[in-house]
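Enquirer: Listed below are the residues making up each chain.
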Amino acid sequence: MIAYLTTLIPAPLLAAVGEVGEGFFKERTSGTLPCQAKPNEVFCFDWAKENINRFGTPTLQQFELVLISVVLGFAIAFTISLLAHRRGWLRPPLLAATGILYTVPSLAFFFLLLPITGLGRDTAIIVLAAYTLQIIYRNTMLGLANVPASVKDAARGMGLTDRQILWRVELPLATPEIIAGLRIATVSTVAIATLAVFIGAGGLGTQMYGSGNLTFPTSVIIAATIAILMALTFDALLVLLQRFVTPWRRVRPI
Amino acid sequence: MSAFHPLFASFGGAIEFILTPQESNVTGGKKVGGLEKAIELTLKQLEVTVLALALALIIALPIGLYLGHRGKGELLAVGLGNAGRAIPELAVIALVAALIGVGLVTVTPALALLGIPPILTNAYVGVRQVDPATVDAARGMGMSELEIIRKVELPLAIPTVMGGIRGATIAIVATATIAPLAGVVTLGDFIINQSIYGENGVLAGAILVALLALTLEGLLALLQRRLTSDGLKLQTA
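These protein sequences, in sequence, are chains A and B.
Reading the first sequence from the start, the letters are residues 10 to 263 in the numbering used here.
Reading the second sequence from the start, the letters are residues 26 to 262 in the numbering used here.
Simulated from the structure, these hints should not be mistaken for laboratory data.
It is possible that part of the hints are untrue.
Reference excerpt, derived from the structure (chain A facing chain B, CB under 10 Å, subset only) [stated by the list, open to error]: (1) 111; (2) 197; (3) 201; (4) 204; (5) 217; (6) 225; (7) 229; (8) 230; (9) 239.
Glycine is no exception: its CB is placed at the ideal position from the N, C-alpha and C atoms.
The shape of chain A in the complex, shown without the other chains (with noise of 0.2 Å):
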């Protein structure tokens, strides 16, 4: 599924995932900017203009990471809960077996995968994919539950199958919790991206973290500030999706 799906990515972008930061911050050390001299200096514009170059293959990465996540814990999530939805004894194992995965700190279940599969971006893939699990599917529940039962006896009463009657009138009602729970867990799947750096997976944490645990501010704030300014990108993008695939209602924040 993951080997497909990276099969959709641009043969430029794959190559240009992998570890990004190694020497970085050493490499750093060896400027001759005034303000790399100081360690403790908040924010260094000089370096920041010089080097804003760097930050454009993490983002990339970044981007891929959270796309392919979100993509594919969307699909899992959303295929889960049209089973639990169809069958009610499964509801609270799958409540019980997302949550699970949402507990795991992602660190851990980075390294718990690496015995199964190894180090780089699979692993980060499948880890931040099921950590969206959890919120799309009680989302996806709840805007369900939510659909009034009798809107689905007049569905019923005009002779919709019960298929019909899931895709053509729960399903959009229900549009508005599902992009709702889509919203959180893409904002999320941004900021727990950043870790991918720990498992090989490049990302802005590369430009966060540098090995022998050296931080450059300037470096950390830029980078913090691209994945908000991505995570917010998503955010309004999701809510520009709900207004196009709901045009019969206004928006409705949540």
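Let chain A serve as the given structure and place chain B on it in line with the hints.
Expert: Using the frame of chain A, we list chain B on its own:
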């Protein structure tokens, strides 16, 4: 069956690392790991988590309950919760370490900061969801505003409030795992300092962190069940 063998070997090695100290490549013959070290790091992670959670609760719970009771500050309470999710925890730890300093005293408030949004938002939403007629009835019975919050709104909001506290705990434990970057040597040390502890140590750290997080989550779920009034349980059942 044979395909699973290396997997069992990896996890077996990790368990061994937890139980007895192992040779390390870089410490010059000094052994690393072992039960004593594992317990020490677990307790450290527990300590920093509990301290940060307590600090977050002291700050966020009263504010969330008060704002919810007054029905004011929705933008602050809900917006903060949404914005909090977007903050990369690695950046928080890295910046605290670089700019403010390392150690328990600087890391605990930073972790508490990450726990505040979910607690505040859920306390606000939970209290807001209480039926206004119920609050009116309480007021009619002569309860003071403080009594209404304590005896009516908080008990009715417990499931939502506890949901926020559980979310905060998950965020704090997860971030406490990367706290060794800021000089607080938690279980994450096994994971982050791979060169010292080796592959077994990394896996051992991951197992212990996961167990710790799941145990805390389980305990909070039990606590939630204890705190939820019997009437509410009947309603949801």
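Enquirer: Each of the hints needs a verdict: does it hold here or not?
Expert: Tested hints:
1. 111: Since chain B brings a Cβ to about 7 Å from residue 111(A), closer than 10 Å, the hint holds.
2. 197: holds (5 Å)
3. 201: holds (8 Å)
4. 204: holds (6 Å)
5. 217: With Cβ-Cβ at 5 Å, under 10 Å, it holds.
6. 225: holds (7 Å)
7. 229: holds (5 Å)
8. 230: Holds, because the Cβ-Cβ distance from residue 230(A) to chain B comes to roughly 7 Å (cut-off 10 Å).
9. 239: At 9 Å from the nearest chain B Cβ, residue 239(A) passes the 10 Å test, so the hint holds.
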